[in-house]
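Top to bottom, those sequences are chains A and B. Letter by letter, the first sequence follows residues 1 to 160 of UniProt numbering. Letter by letter, the second sequence follows residues 1 to 160 of UniProt numbering.
Worth flagging that the hints you see were computed from the coordinates, not collected in a lab. Check before you lean on any hint, since a few could be wrong.
Since the list gives no way to pick out one identical chain from another, each pair is judged satisfied if it fits inside one copy or across any two copies.
Think about it this way: if two alpha-carbon atoms lie no more than 30 Å apart in a straight line, the pair counts; the simulated DSSO-like pairs of lysine-lysine are [to be verified]:
(1) K148 to K131
(2) K126 to K148
(3) K152 to K131
(4) K50 to K80
(5) K50 to K24
(6) K131 to K50
(7) K126 to K80
(8) K108 to K126
(9) K80 to K24
(10) K148 to K50
Number of protein chains: 2
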Amino acid sequence: MRYISFEDEPTISPDDYFMGEALKEARYALEEDEIPIGAIVVYNGRIIGKGHNLTERLNDVSAHAEMQALTAAANLMGGKYLQGCTLYVTMEPCVMCAGASYWFQVSKIVFGAYDNKLGFGRINQKITHPKTIITGGIRETECSQLVKDFFKAKRQGNRL
Amino acid sequence: MRYISFEDEPTISPDDYFMGEALKEARYALEEDEIPIGAIVVYNGRIIGKGHNLTERLNDVSAHAEMQALTAAANLMGGKYLQGCTLYVTMEPCVMCAGASYWFQVSKIVFGAYDNKLGFGRINQKITHPKTIITGGIRETECSQLVKDFFKAKRQGNRL
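From just these sequences and the hints, can you work out the full model?
Here is the structure:
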């Protein structure tokens with residue numbers, strides 16, 4: 001009888017794991033020719049909301065991954081607020097999405113790639129809820145590479 | 001034969017007129033026991049989107065009047081952007097809604113009552129689109145009184 005040992009398996013932190021789930025959502029966006037950004041909302045180790053960028057499909061520039069994931073999570077929770085919840089998103093949220101997280105009172109935001117141009121981090125004042133904790137740079141390379149490759153392919157396509 | 005003369009009628013500016021339309025939307029919210037905030041989007045003198053606060057009915061803290069009006073207008077325009085459009089809203093938009101107006105590239109925002117606590121004006125950096133012009137204080141008293149009366153009634157109701 002053989003036992004499988006997991007001792008040599010690399011350990012993965014919860015943040016790395018859940019960012020992987022957000023990355024899956026980003027890849028769904030990519031399959032639909034959307035800018036590949038994905039988001040999930042986690043409560044007590046359970047995914048309660050998922051979303052990916054749908055700006056093209058919905059023809060709605062505000063249909064960001066975070067907005068989908070936050071409203072889906074709030075629906076599932078049956079309440080208005082997402083206290084105790086973590087929003088994982090592959091790209092630093094924009095001002096609109098950070099502002100939405102204020103209203104949902106999300107307890108934690110974990111994002112992948114930094115967005116120095118349009119990310120909410122460029123705002124000098126705190127625009128998220130006072131209790132919201134922010135962590136950036138989780139699986140940053142994978143998250144940013146997806147978006148870079150997407151735009152590179154778009155540019156090359158345009159040149160053909 | 002009698003002619004009706006309009007010469008003695010008080011003139012009303014387009015901003016005052018359209019804020020009146022946004023106020024109608026705010027009163028629809030009030031009838032539904034929502035915080036009475038209303039918004040419309042105007043293009044070439046025509047209303048192309050309307051919305052009022054639906055946070056209670058939709059159980060969604062992000063269902064602000066502006067988000068409804070902006071997405072409705074974008075749908076009607078069949079395009080993503082609202083260039084040449086003016087957003088009229090009875091209350092100074094929050095950070096989320098101002099952030100949304102960035103993505104829609106709204107040309108002008110005209111709001112009624114100032115919101116010193118949660119309005120986007122408290123942010124020192126420009127978070128709307130670089131080309132967006134902002135005007136505040138149109139029919140300010142009416143716009144703010146609606147919200148004040150709403151909360152006063154709520155407080156009195158809670159005391160009974």
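Hints versus structure:
1. K148 to K131: Answer is between: at 27 Å across copies they meet the 30 Å cutoff, but 32 Å inside does not.
2. K126 to K148: For K126 and K148, both the intra-copy (28 Å) and inter-copy (27 Å) Cα distances are at most 30 Å.
3. K152 to K131: Between copies, since 28 Å is at most 30 Å while 38 Å is not.
4. K50 to K80: both (17 Å within a copy, 24 Å between copies)
5. K50 to K24: within (10 Å within a copy, 36 Å between copies)
6. K131 to K50: Classified as within: same-chain Cα gap 23 Å, cross-chain 33 Å, threshold 30 Å.
7. K126 to K80: both (22 Å within a copy, 29 Å between copies)
8. K108 to K126: both (14 Å within a copy, 25 Å between copies)
9. K80 to K24: both (26 Å within a copy, 26 Å between copies)
10. K148 to K50: Within one copy, since 22 Å is at most 30 Å while 37 Å is not.
In this structure, none of the earlier numbered hints is contradicted; all agree with it.
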